[in-house]
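Kindly produce the complete structure, drawing on both the sequences and the hints.
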Amino acid sequence: MAEKLVIDPVTRVEGHLRVEAEIESGVIKNAWVSSNIARGFEQIFVKKDPWDAPLVAQRVCGLCGGSHGVCGVTALDSLLGVDLPENARIMRNLLMGTDFISTHIIRFYQFIILDFIDASSVLNYTGIESTLLALKKKLEKALNKGDAYPFKPSFDADELVIKDPAMTTLFLTHYFEALEVRKKAHQVAALLGGRMPGFVGIIPGGVTHLISADDIGTIRYLLSNLVKWINSIFLPDVIALVTSPLLSYGQQGVGKGRGNFLSVGAFDLDPTGHERLFPSGAIFNGKLSELEPVDSRRITDDVKYSWYNEGSAKQEGAESRFDLNKKKAYSFVKAPRYKGKAMEVGPLARLLVKKDETLANLMKDFGIQIGVVARYVALVIECKVIAEAMVDWLDELSENTKKTKRIWDERKVPSSGRGVGLMEAPSGALSHVVEVKKSRVNRYQLITPTAWNASPRDNQNKRGPLEEALLGLPVPNPNNPLSILRVVHSFNLCMSCGAH
Amino acid sequence: MESRHLYRSITTGGLKENIFGGLTRREFIGYCTALAAALGLSSSYAPKIAKALEEIPKKTPIFWIQSQVCSGCFVSFLNSSAPAPTDLILDSISVRFSPNLQTVSGDLALDALDAGLNELGKHYVLIVEGAVPLKEGGSFAHYGYKNGQKGSILNWVRKMAARAELIVGLGTCASFGGIPASGKTGAKSLKTVLDSSLVESALVDIPGCPPHPDWLVGTLVKLELFGKEEVLKNLDQHRRPKDFYGELVHDQCPRRHFFEAGKFTSDWNDPTQAGYCLFKKGCKGPVTRADCPVRQWNGGLSWCVEVNHPCIGCTEPQFYQGLSPLYESLPDVSLLGQRLRPETIGKVLGAATAIGIGGHLMEMVATGKLPKRDQKPKKPTDLSSDQSDD
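Quick mapping for you: the protein sequence lines, in order, are chains F and A.
Quick note on my numbering: the first sequence kicks off at 702 and runs consecutively.
Quick note on my numbering: the second sequence kicks off at 54 and runs consecutively.
These aren't lab readings, by the way, just hints derived from the structure by calculation.
Check before you lean on any hint, since a few could be wrong.
[What the hints assert, rightly or not] Simulated crosslink set (BS3-like; lysine-lysine; CA at most 30 Å straight-line):
hint: 1; chain 1: A; residue 1: Lys111; chain 2: F; residue 2: Lys842
hint: 2; chain 1: F; residue 1: Lys1042; chain 2: F; residue 2: Lys1005
hint: 3; chain 1: A; residue 1: Lys203; chain 2: A; residue 2: Lys175
hint: 4; chain 1: F; residue 1: Lys1104; chain 2: A; residue 2: Lys334
hint: 5; chain 1: A; residue 1: Lys101; chain 2: F; residue 2: Lys1028
hint: 6; chain 1: F; residue 1: Lys1163; chain 2: F; residue 2: Lys1005
hint: 7; chain 1: F; residue 1: Lys957; chain 2: F; residue 2: Lys988
hint: 8; chain 1: A; residue 1: Lys175; chain 2: A; residue 2: Lys101
hint: 9; chain 1: F; residue 1: Lys749; chain 2: F; residue 2: Lys1163
hint: 10; chain 1: A; residue 1: Lys111; chain 2: F; residue 2: Lys839
hint: 11; chain 1: F; residue 1: Lys1027; chain 2: A; residue 2: Lys188
hint: 12; chain 1: A; residue 1: Lys281; chain 2: F; residue 2: Lys842
hint: 13; chain 1: F; residue 1: Lys853; chain 2: A; residue 2: Lys334
hint: 14; chain 1: F; residue 1: Lys1163; chain 2: A; residue 2: Lys199
hint: 15; chain 1: F; residue 1: Lys846; chain 2: A; residue 2: Lys334
hint: 16; chain 1: A; residue 1: Lys112; chain 2: F; residue 2: Lys838
Here you go:
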């Protein structure tokens, strides 16, 4: 007899997420994931000045808004026929990079790690490390007063919750260090774009300012801090977690899903965009060696199970006219598909498509299968790759500004036309399509990373990637659904993006 | 065992300082001075703040509800520099409910919320992030699932606001409707969906897209140090604390003299224009109240105009739709329902405080320092009313 479990709200994600699961004999037989909050963003762009779009698009998501801004401005560039100055290309890459670093750190330390921590275990720490003792003292006081929020209340510790008090205390120490360190990524963004979140300074055709030599120096200092922290804390933390307490969990490939991966590519490394830090590509059924090129015309967007009018499935995003009374609909998220398949997107997809050696070696050496643990590993490797690349880009920018100060290619908005921005945001593939009539936005469509990962069923009644990854998952105690949350959190969801 | 030991020595070896406090007296006073600055107070308040801080027995309980959000306000809060988020979470606030931070999910989170409400009586702060949609009975924002029932955010917010000591409308969406208000979900501001008596007695709005962390943290610290009355007595007509939203961006702008001198940026590529006034690029500084030019962002590093980008007016009731197009210079405006040309605004200014274009703008027009094409009337912008109050 199947039992229905509802988790609403799922916490430690961005936005609103609801998970429903049918559990039979302690195993998930069927799953539905949804978001019940929508703003109707695509309608907000309509009839406005196209120039506004990138600034408005940033407000789709407060976690990865920078990427929405850059994707939106890229769509505008393509509409205007911009020849992007090199300085602007590099500045935009740096800005996007700050988005990835900040988001990835929050993902792991604020969202994921508490799936493996019981804060009361800190009380059993018997070591002499002064920082850990300081945290122990603080938490001891809080726990005794019953005031250890947000760590308490917590779930009952299961077999995957870290047993060693020293490791628990260390991870919680790093929880707080991460809170402080990630601010440096946003400081880099502020120097490049005025403030963060919600940076400005990226405009159709380029950017609004060229950073000074002083600022380049400050950014170099902040980046070196970040690189050092990622290499000496973040990376060892993840490696320790996945090779010790989670070793067999990772080897079982829990939360694998269908094994379909999509990356549309990001961070143009040359003016043509041929060379990118993350290339595009598609992988089907876990066949990692069979990489297919991406044809963006094969992207569709279904709404059969979403609260929108049944329109034709359009390649750049389904129309967003709400229909809250639609039968069978259960989410504000739509169901994007590539060649008709549900695709996982995000750091793991990008690194598999990139054939990243660090990831491949780690997975091979420790026997880690595709799944929850592989997603954690991809998250930290990608954070490192981007932070280190940013140091190079800064040098490149510094050199380039000696050659030219050009930052803007001024073009007029055409009376009608269409522009496309297709790139990777921290949680995965993102596309913005803008259509202009009488020099005003006539249509603006978004397909977001979380729409890919947390999509409901499609027109063929096929589940989305997260729904698929939950199938077969053991849930020994439905009142303590830690096993479900681990799979959910591994997908780096931004539900506000997802529903938008 | 050995490898883990090695691992620990690697990962803690890089830690030069202890991030969990143990402040010396001198550091503590320095911290209080920073707090005073965050509050918009002079440093002479530092000893008073120190005394009050030492006497505070308990952390402030916070319930943080997200409605139609992007979580940008939350992420901006994490960028707080003095006090740092570590100190806030460990020493100053009890995060009783937060979709982003809370360990438990689902029923356990909702149970904790109910238990907290029962335990705390009236002694908690409710932070609402995001607009509240009213169309279709509030169905554009459902949250939580208990006893087989979904709850609308509207009901949640009303229930939790009823007893809160202080209600914070965090961000422009919660304060005025913000970007969602120009969509089709009936998105409204907090002050629109709450009883007016409750608004009067407990609501403070901290707009901004996103708001500066100091604006929120400063308000919370002020509540803790000086009490609710002190917070509520110093609000403007939009319920924004005057500590942070008292002055026009334009009046504090370091580029103001270029405005006076009629030097405007027109070409972003021209290095000679790099520090000029951005009025012609659409700067909303003349109608926007916030202390960004003075406070600066992300630990005092920069702000929008610093990078040659116009102020987008994100702390104002009419953001976004009422200030669009963002890159066109301020048009003639409709004030209190009447369409006015810039030349006539100056005459109204004496009587009306709702609008912030300075009188000098009129002088500029009069003396011809503004180029002709910036004087022509454009689509009127309603600068007088909260877009969610219609």
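Checked hints:
1. Lys111(A) <-> Lys842(F): holds (12 Å)
2. Lys1042(F) <-> Lys1005(F): holds (15 Å)
3. Lys203(A) <-> Lys175(A): Holds, at about 25 Å.
4. Lys1104(F) <-> Lys334(A): holds (27 Å)
5. Lys101(A) <-> Lys1028(F): violated (61 Å)
6. Lys1163(F) <-> Lys1005(F): holds (11 Å)
7. Lys957(F) <-> Lys988(F): holds (13 Å)
8. Lys175(A) <-> Lys101(A): Holds - the C-alpha atoms of lysine 101(A) and lysine 175(A) are around 26 Å apart, at most 30 Å.
9. Lys749(F) <-> Lys1163(F): violated (36 Å)
10. Lys111(A) <-> Lys839(F): Holds, at roughly 14 Å.
11. Lys1027(F) <-> Lys188(A): Holds. Lysine 1027(F) to lysine 188(A) sits at ~16 Å (cutoff 30 Å).
12. Lys281(A) <-> Lys842(F): holds (27 Å)
13. Lys853(F) <-> Lys334(A): violated (50 Å)
14. Lys1163(F) <-> Lys199(A): Holds: lysine 1163(F) and lysine 199(A) sit about 28 Å apart, inside 30 Å.
15. Lys846(F) <-> Lys334(A): violated (55 Å)
16. Lys112(A) <-> Lys838(F): The given pair, whose Cα atoms are some 16 Å apart, holds under the 30 Å limit.
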